[in-house]
Amino acid sequence: MRAVEISAKTVEEAIRIALEQLGLEKEDVNIDILEQPNKGFLGILGNKNALVRVEEKFNPVKYSLSFLKNVLARMDLDPQIDVEENDEYIIFNLTGKDLGVLIGRRGDTLDALQFLTNLVVNKKSTQKKKIIIDVENYRNRRKETLINLANRLAEKAKKSGKKIVLEPMSPQERRIIHITLQDNKYISTYSEGEEPYRKVIIVPKK
Amino acid sequence: MRELVEFLAKSLVDNPEKVEVKEIIGDNSTILELTVAPEDMGKVIGKQGRIAKAIRTVVKAAATRKGEKVVIEIM
Chain A
0 MRAVEISAKT VEEAIRIALE QLGLEKEDVN IDILEQPNKG FLGILGNKNA
50 LVRVEEKFNP VKYSLSFLKN VLARMDLDPQ IDVEENDEYI IFNLTGKDLG
100 VLIGRRGDTL DALQFLTNLV VNKKSTQKKK IIIDVENYRN RRKETLINLA
150 NRLAEKAKKS GKKIVLEPMS PQERRIIHIT LQDNKYISTY SEGEEPYRKV
200 IIVPKK
Chain B
0 MRELVEFLAK SLVDNPEKVE VKEIIGDNST ILELTVAPED MGKVIGKQGR
50 IAKAIRTVVK AAATRKGEKV VIEIM
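Line order of the protein sequences matches chains A and B. Numbering of the first sequence is given in numbering that gives the first Met the number 0, commencing with residue 0 and proceeding in unit increments. Numbering of the second sequence is given in numbering that gives the first Met the number 0, commencing with residue 0 and proceeding in unit increments.
Hints in this document: simulated from the structure, not taken from any laboratory. Glycine included, C-beta positions come from ideal geometry on N, C-alpha and C. There may be inaccurate statements among the hints.
[As the list claims (entries may be wrong)] Here are the simulated DSS-like pairs of lysine-lysine, each with C-alpha atoms no more than 25 Å apart in a straight line:
1. A:K129 - B:K9
2. B:K9 - B:K65
3. A:K38 - A:K61
4. A:K68 - A:K128
5. A:K129 - B:K65
6. B:K9 - A:K61
7. A:K123 - B:K46
8. A:K157 - A:K205
9. B:K42 - A:K61
10. A:K128 - B:K46
11. B:K42 - A:K127
12. A:K61 - A:K157
13. A:K56 - A:K128
14. A:K127 - B:K9
15. A:K38 - A:K56
16. A:K68 - B:K42
17. A:K142 - B:K65
18. A:K68 - A:K123
[What the hints assert, rightly or not] Now the in silico label distances, taken between C-beta atoms and shown as ranges:
19. A:E4 - B:R64: 43 to 51 Å
20. B:T63 - A:I16: 30 to 38 Å
21. B:E2 - A:E12: 38 to 46 Å
22. A:T9 - B:N14: 23 to 31 Å
23. A:Q20 - B:K65: 22 to 30 Å
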């Protein structure tokens, strides 16, 4: 994080100069007063300035956004990035040209980028918000597709009385299938195999 | 592609100044040799190679877009 040490006649003055140099507001920084000013005796002896250290606070949104922009620039991509933050997640939704390459096969490039972004940000802080990276709302569209698929295959398993093996999916995608079907009385679900080839199995209940 | 690998590696390790990426251009593909400080190896490889795999996936996507073929070797 960027930081400056400023010496001035008063603490307030030093902080003001520091904020100006960093181009930040008071709520974006941590302030350490290293030395209190001393007017000295009759303004002659031991006249000492205040010394403060002002450091930019770690901001996970700013930090991850800057990481993401740097990565995208090196991929020759310049999408629009919308940020949404709630108690659990920081969500970056990317829109623009040529972003199919960022999604990859069933979202594997998107998942890789998201995984790396989470690693890089968690390395810098203890913040526990999960970062989600999405392209043109791909994740929601994929979720809907998976829910439809789950319901359709559950119906098929129920009718045929045979188990159905789905294609390999990521843990997040398997979770969507399990959750969609957890209250279904006619079938049950479990996963089988090793990552990254782990698959969901739908079995009819006897 | 070299800049992308270098930036990703530097963001992940504790000793970014020790990150080096050597580019070896071949006929069909480019090899990028990534070197990091020994104590940072885990930071670019990860459990069961998960981090290395993610780096390769992102770089491969970027390369494919440019019609290039890139192989990353972690030294």
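The hints, checked one at a time:
1. In summary, the hint linking A:K129 to B:K9 is supported, as the alpha carbons are separated by about 21 Å, within the 25 Å threshold.
2. Only pairs whose Cα atoms come within 25 Å are accepted, and B:K9 paired with B:K65 is accepted, the gap being roughly 23 Å.
3. Between the alpha carbons of A:K38 and A:K61 the distance comes to roughly 40 Å, so the proposed pair goes past 25 Å and is violated.
4. For the proposed pair A:K68 and A:K128, the alpha carbon gap of about 19 Å is at most 25 Å, so the pair holds.
5. In summary, the hint linking A:K129 to B:K65 is not supported, as the alpha carbons are separated by about 31 Å, beyond the 25 Å threshold.
6. As the CA atoms of B:K9 and A:K61 are separated by approximately 18 Å, the hinted pair is consistent with the 25 Å bound.
7. Between A:K123 and B:K46, the direct Cα distance comes to roughly 20 Å. Compliance with the 25 Å bound is thereby established for this hinted pair.
8. Our distance criterion of 25 Å between C-alpha atoms is met by A:K157 and A:K205, whose separation comes to about 10 Å.
9. Distance check on the hinted pair: B:K42 and A:K61 sit about 23 Å apart at the alpha-carbon level, within 25 Å; holds.
10. A hinted pair counts as satisfied when its Cα atoms are at most 25 Å apart, and A:K128 with B:K46 qualifies at roughly 22 Å.
11. Proximity of B:K42 to A:K127 is assessed by CA-CA distance (about 19 Å); at most 25 Å being required, the pair is judged to hold.
12. For the given pair, A:K61 sits about 49 Å from A:K157 by alpha-carbon distance, which is inconsistent with the 25 Å threshold.
13. Simply put, A:K56 and A:K128 have alpha-carbon atoms about 16 Å apart, close enough for the 25 Å limit, and the pair holds.
14. Taken as a hint, the A:K127 and B:K9 pair is honoured in the structure, with Cα atoms around 22 Å apart against an allowance of 25 Å.
15. Restraint check for A:K38 and A:K56: not satisfied, since their Cα atoms lie roughly 31 Å apart, outside the 25 Å limit.
16. With a C-alpha separation of about 21 Å, the suggested pairing of A:K68 with B:K42 holds against the 25 Å cut-off.
17. Taking the CA atoms of A:K142 and B:K65, the gap is near 30 Å; set against the 25 Å cutoff, the hint is violated.
18. A distance of roughly 17 Å separates the Cα atoms of A:K68 and A:K123; the hinted pair therefore holds under the 25 Å criterion.
19. A:E4 and B:R64 have their C-beta atoms about 45 Å apart, which keeps the hinted 43 to 51 Å range intact.
20. As the Cβ distance of B:T63 to A:I16 is approximately 50 Å, the hint placing it in 30 to 38 Å is violated.
21. Taking 38 to 46 Å as the suggested C-beta distance range, the pair B:E2 and A:E12 conforms, at roughly 42 Å.
22. The beta-carbon spacing between A:T9 and B:N14, approximately 40 Å, falls outside the hinted interval of 23 to 31 Å.
23. Between A:Q20 and B:K65 the Cβ separation comes to about 40 Å, which falls outside the hinted range of 22 to 30 Å.
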